[in-house]
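Residue numbers (the numbering used here), protein chains in the order written: chain V, 1 to 500; chain G, 1 to 500.
Hints may be right or wrong, so weigh each one.
Below, in silico cross-link-like pairs of lysine-lysine (DSS-like), each with a Cα-Cα straight-line distance of 27 Å or less [as the list claims (entries may be wrong)]: (1) V:K481 with V:K331; (2) G:K254 with G:K331; (3) V:K259 with V:K218; (4) G:K254 with V:K493; (5) V:K409 with V:K481; (6) V:K259 with G:K178; (7) G:K259 with G:K331; (8) V:K254 with V:K174; (9) V:K409 with G:K218; (10) V:K254 with G:K409; (11) V:K173 with V:K254; (12) V:K493 with V:K481; (13) V:K259 with G:K218; (14) V:K254 with V:K175; (15) G:K481 with G:K409; (16) V:K481 with G:K218; (17) V:K254 with G:K493; (18) G:K218 with G:K331; (19) V:K254 with G:K481; (20) G:K254 with V:K409; (21) G:K493 with V:K218; (22) G:K409 with G:K331; (23) G:K254 with V:K481; (24) G:K481 with V:K218; (25) V:K493 with G:K218; (26) V:K481 with G:K259; (27) V:K173 with V:K259.
In case anyone wonders, no lab produced these hints; they're calculated from the structure. Fair warning: this is a prediction, and the values are worked out from it, not measured in the lab.
Number of protein chains: 2
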Amino acid sequence: MRRIGIVDLGSNTARLVVYAYEPGEWFYLADQIREPVRLAEGLAATGVLGEAAMWRAFGALQLYADFARDTDLAHVHVVATSAVREAQNRHAFLDQVGRLGLEVSVLSGEDEARTGVLAVANSFSLEDAWVMDLGGGTVQLSRMRQRQFIEGQDYPLGAVRLTEAHLASDPPKKKEIKQLVTEVREQLSGVLESMRGEPAPLVAMGGTVRNLVRAVQKSRDYPMSQVHGFFLRREELDELVDRLLAMDRTERTKVVGIKPDRADVIVAGALVYRTVLRESGLPGLFVSGQGLREGTFYRHFLPAPHLIPDVRSFGIQNLFARYPQPAEHTKQVRHFAARLFDELEPLHGYGAEAARILDDAAWLHDIGMAVGYHGHHRHGAYLIDTGLLPGMTHRELALLTLLVRYHRKGRPRPGHYQQALDNGDRTLLLRLAVCLRLAEQLERGRANRVRDLAVEIGPGTVHLSLFAGDPPRVELVEAEKQADLFESAFGRKLTIGIAG
Amino acid sequence: MRRIGIVDLGSNTARLVVYAYEPGEWFYLADQIREPVRLAEGLAATGVLGEAAMWRAFGALQLYADFARDTDLAHVHVVATSAVREAQNRHAFLDQVGRLGLEVSVLSGEDEARTGVLAVANSFSLEDAWVMDLGGGTVQLSRMRQRQFIEGQDYPLGAVRLTEAHLASDPPKKKEIKQLVTEVREQLSGVLESMRGEPAPLVAMGGTVRNLVRAVQKSRDYPMSQVHGFFLRREELDELVDRLLAMDRTERTKVVGIKPDRADVIVAGALVYRTVLRESGLPGLFVSGQGLREGTFYRHFLPAPHLIPDVRSFGIQNLFARYPQPAEHTKQVRHFAARLFDELEPLHGYGAEAARILDDAAWLHDIGMAVGYHGHHRHGAYLIDTGLLPGMTHRELALLTLLVRYHRKGRPRPGHYQQALDNGDRTLLLRLAVCLRLAEQLERGRANRVRDLAVEIGPGTVHLSLFAGDPPRVELVEAEKQADLFESAFGRKLTIGIAG
Numbered sequence: 001m002r003r004i005g006i007v008d009l010g011s012n013t014a015r016l017v018v019y020a021y022e023p024g025e026w027f028y029l030a031d032q033i034r035e036p037v038r039l040a041e042g043l044a045a046t047g048v049l050g051e052a053a054m055w056r057a058f059g060a061l062q063l064y065a066d067f068a069r070d071t072d073l074a075h076v077h078v079v080a081t082s083a084v085r086e087a088q089n090r091h092a093f094l095d096q097v098g099r100l101g102l103e104v105s106v107l108s109g110e111d112e113a114r115t116g117v118l119a120v121a122n123s124f125s126l127e128d129a130w131v132m133d134l135g136g137g138t139v140q141l142s143r144m145r146q147r148q149f150i151e152g153q154d155y156p157l158g159a160v161r162l163t164e165a166h167l168a169s170d171p172p173k174k175k176e177i178k179q180l181v182t183e184v185r186e187q188l189s190g191v192l193e194s195m196r197g198e199p200a201p202l203v204a205m206g207g208t209v210r211n212l213v214r215a216v217q218k219s220r221d222y223p224m225s226q227v228h229g230f231f232l233r234r235e236e237l238d239e240l241v242d243r244l245l246a247m248d249r250t251e252r253t254k255v256v257g258i259k260p261d262r263a264d265v266i267v268a269g270a271l272v273y274r275t276v277l278r279e280s281g282l283p284g285l286f287v288s289g290q291g292l293r294e295g296t297f298y299r300h301f302l303p304a305p306h307l308i309p310d311v312r313s314f315g316i317q318n319l320f321a322r323y324p325q326p327a328e329h330t331k332q333v334r335h336f337a338a339r340l341f342d343e344l345e346p347l348h349g350y351g352a353e354a355a356r357i358l359d360d361a362a363w364l365h366d367i368g369m370a371v372g373y374h375g376h377h378r379h380g381a382y383l384i385d386t387g388l389l390p391g392m393t394h395r396e397l398a399l400l401t402l403l404v405r406y407h408r409k410g411r412p413r414p415g416h417y418q419q420a421l422d423n424g425d426r427t428l429l430l431r432l433a434v435c436l437r438l439a440e441q442l443e444r445g446r447a448n449r450v451r452d453l454a455v456e457i458g459p460g461t462v463h464l465s466l467f468a469g470d471p472p473r474v475e476l477v478e479a480e481k482q483a484d485l486f487e488s489a490f491g492r493k494l495t496i497g498i499a500g
Numbered sequence: 001m002r003r004i005g006i007v008d009l010g011s012n013t014a015r016l017v018v019y020a021y022e023p024g025e026w027f028y029l030a031d032q033i034r035e036p037v038r039l040a041e042g043l044a045a046t047g048v049l050g051e052a053a054m055w056r057a058f059g060a061l062q063l064y065a066d067f068a069r070d071t072d073l074a075h076v077h078v079v080a081t082s083a084v085r086e087a088q089n090r091h092a093f094l095d096q097v098g099r100l101g102l103e104v105s106v107l108s109g110e111d112e113a114r115t116g117v118l119a120v121a122n123s124f125s126l127e128d129a130w131v132m133d134l135g136g137g138t139v140q141l142s143r144m145r146q147r148q149f150i151e152g153q154d155y156p157l158g159a160v161r162l163t164e165a166h167l168a169s170d171p172p173k174k175k176e177i178k179q180l181v182t183e184v185r186e187q188l189s190g191v192l193e194s195m196r197g198e199p200a201p202l203v204a205m206g207g208t209v210r211n212l213v214r215a216v217q218k219s220r221d222y223p224m225s226q227v228h229g230f231f232l233r234r235e236e237l238d239e240l241v242d243r244l245l246a247m248d249r250t251e252r253t254k255v256v257g258i259k260p261d262r263a264d265v266i267v268a269g270a271l272v273y274r275t276v277l278r279e280s281g282l283p284g285l286f287v288s289g290q291g292l293r294e295g296t297f298y299r300h301f302l303p304a305p306h307l308i309p310d311v312r313s314f315g316i317q318n319l320f321a322r323y324p325q326p327a328e329h330t331k332q333v334r335h336f337a338a339r340l341f342d343e344l345e346p347l348h349g350y351g352a353e354a355a356r357i358l359d360d361a362a363w364l365h366d367i368g369m370a371v372g373y374h375g376h377h378r379h380g381a382y383l384i385d386t387g388l389l390p391g392m393t394h395r396e397l398a399l400l401t402l403l404v405r406y407h408r409k410g411r412p413r414p415g416h417y418q419q420a421l422d423n424g425d426r427t428l429l430l431r432l433a434v435c436l437r438l439a440e441q442l443e444r445g446r447a448n449r450v451r452d453l454a455v456e457i458g459p460g461t462v463h464l465s466l467f468a469g470d471p472p473r474v475e476l477v478e479a480e481k482q483a484d485l486f487e488s489a490f491g492r493k494l495t496i497g498i499a500g
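Could you build all of it, start to finish, from the sequences and the hints given here?
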């Protein structure tokens, strides 16, 4: 196992993250220290990093250097962005930082944009996208095609900068807002035209959008705790922006989901997003919980072009590796679940997309055993909710969570996950849960006793034949307990017998 | 690591539990199969086990024997209770069971009572208690003194038996209820008199009371998922019994918390508890989630007299062993938390009870790291809620959970845990959380940099001096972030400096 520290020295916030990883295999976040440094304070007006801002940054970096030494972190990689890049006194600043023994890369706007695209390519199941990273000092807007960075540019439209330039009043005045929006529209006019001409999903990253989405999720009691992959609709953003514009800073610090030290600059950032959505004509944006730090990490984790071959499978296996379960049992449950799904296809008619969700659930169904046997279906759902599962939409994530939650008992119901689901998903959930439960019970003794199965679909019944050496009594008894649920899912009685 | 299977062949339910354990060190539940066998069906009327009932039992035991073989479970211990003990045809039944290769102990009423007392002695921090185990066939009522079984007796007042004898109507008629209560009162008159004369906490075990408590917890959105240790007040039970008496069986199956296969006999069991509470004059009862199976397990886990020396410490350490964290860090955080608590005593005035809760929280504060760094304070609270922590009241458990929840960030608030807390616990929580947070931050780099601390209490301030070799910059910066919370907890400003 290796460990690496990555420091993102942004215009607003400095953050050290520590990843534990096995190159190309798995990784997880092992520690984090966040400092609200506000390095870009006054920079736009003066062109230099202010004394106080630099001392805050030295303090944070000293902290990280000490922490690295204390925790035997051999490798710490600092990436600095627009504040350092633009400051006339950057050399003096970097000399001073150099004395702390930290390696610093000052990224160009394009470097930053490329790194953001790498984070998106490795955490979404998207081939093409527009990628937007809004920081304290600047915004990068890039085009990703076939998971590659095609082009991208840096614009001086960061949240701290725009706040200082336009929003002197609190709450901001109409005129100030208008000026800000006009500047955003003008600066981005070229790329906005491209976005209208070449529509693709917009993926947004950075602290501002994460906070905005948290606020939206909290306001509607959203069932999932992940922001990554959430689709923020344009109307939802508009509504939130209206709410924020009516508040002063103190009121904004109290909005659940928004970090208090971001309350003064969040309005400017929110207005940039609102403008981009309005002008591009896109219906909303996907939020990425990953960004510059993760993009930087992937360069260490994987050889060039630093791309995880299948993001979604990687995520599933990464989580499985964290809470390992017997490989043979998992394999058998996946196998039986897939067989049942295929054999029952005439009754359900679902395709590859549903099959994949079922397979993901079969992979992860028992990870809750790492917490305890009692209620391990609930523990598993908890671990999925808190784990990072990239490459999935929130609908897929909701179905996966529910399948694990109901892989043993209880009647599968969407409950408050309904808001992430589509029409018809209630039935889909029920049917997939039945396939998974039967598969699990056919392997109840974990002795590979059932070798194969056959399904015969009759007019009112479905007969499941089990092929086995020794009679699989445990499996038979336990599988038969699923007959009622089977009937309500597929509208036929289930009978189970031992073949031969 | 060893594994043992224990089968409890009761009058109502058969259940196999599998424990993984290291003798005397730790254990956890590894698997479970429950079958609603209803072995005592008709027994009271005929004196023999019925054909159908026996076949259900053979089926379940065959299942367990197969399961044991498939999962390489070398040792399975079957304990049979009143149904087998009382049946005239028990020898024929046991001969048949013997062919499955399972070792069966038919317990006498007193054996059963002793085993129940062992479960209570090892899962509550009580020296003296009345212990009541209500099964399908019989009830045991025993006296525990200094954690020892003193005396106990078996009464033919089990839930299945009383239902068959008295409650023919659905819902039961007033006259039937009266007859049942009269029988209970008469049979228990001697022991009820002793209970009035020698009051001690009543601890109740068995499926009936677990289901009753679940129903009460669900009806008031109780924050904790553990039934063990819950105190069921007499009025709460009365209210639930009134609700159940007004329902027919189908309605009872829909009461959240009550297992459908128990819905027909739960009323009889609930009436026994109501009668015991009314007649004994006790204000309520503690529920034990542990019972015959656990009592049987302790005989394998520990040498005679099979007693865990300190139940509460064992529980904390058992959970810690399941999610191990660096021993040195844990030790230092416990040490600093205790030092801060002691030094601040003039300001808070709390005693040993509060100190112990703080120490428990210091032990377990980081166990959530086993789930992931992000939100590990929340994960820790989840693991405590789902873990088995015996020997604690629900108030202590609520405080522990909240301390772990708030050991890093957020303002400590009881939220919906308030219902398990006393007046004044809001302040207690805040003050203990501050001690724990400071202790955690004084060990932020996990390098043992801070060697010792001193506290000076002034009229409006508290000064904390840190003794260290190299300057503990990380620790200082991170501890200073707790100054606001300190002030709201203790009403004084906190300053921190490096000594010498």
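Verify the proposed pairing of K259 (chain V) with K178 (chain G), using a straight-line Cα cut of 27 Å. violated (62 Å)
Can the restraint linking K254 (chain V) and K409 (chain G) be considered satisfied, given a maximum Cα separation of 27 Å? At roughly 16 Å apart (the allowed maximum being 27 Å), K409 (chain G) and K254 (chain V) satisfy the hint.
Is the Cα-Cα distance between K254 (chain V) and K175 (chain V) 27 Å or less? Status holds; Cα separation ~25 Å.
Hinted pair, alpha-carbon criterion (27 Å max): K254 (chain G), K493 (chain V). Please report holds or violated. holds (24 Å)
Straight-line alpha-carbon gap K481 (chain V) to K218 (chain G), limit 27 Å: It holds: about 26 Å lies between the C-alpha atoms, which stays within 27 Å.
Restraint check for K254 (chain V) with K493 (chain G), where alpha carbons must lie at most 27 Å apart: Answer holds: K254 (chain V) to K493 (chain G) is near 24 Å, not above 27 Å.
Within 27 Å, alpha carbon to alpha carbon, are K259 (chain G) and K331 (chain G)? The given pair, whose Cα atoms are some 43 Å apart, is violated under the 27 Å limit.
Is the straight-line distance between the alpha-carbon of K481 (chain V) and that of K331 (chain V) 27 Å or less? Holds, at about 23 Å.
Holds or violated: K254 (chain G) to K481 (chain V), with C-alpha atoms at most 27 Å apart: Distance ~19 Å between K254 (chain G) and K481 (chain V) Cα, so the pair holds.
Does the alpha-carbon distance linking K254 (chain G) and K409 (chain V) stay inside the 27 Å limit? Between K254 (chain G) and K409 (chain V) the Cα gap is close to 16 Å, so the pair holds against 27 Å.
Starting from K254 (chain G), check that the Cα of K331 (chain G) is at most 27 Å away, please. Not satisfied, since the Cα-Cα distance of roughly 48 Å exceeds 27 Å.
Is the Cα-Cα distance between K173 (chain V) and K259 (chain V) 27 Å or less? Within the cut-off at roughly 23 Å; holds.
The structure fails to meet hints 2, 6, 7, 13, 18, 21 and 25 from the earlier list, while all remaining hints are met.
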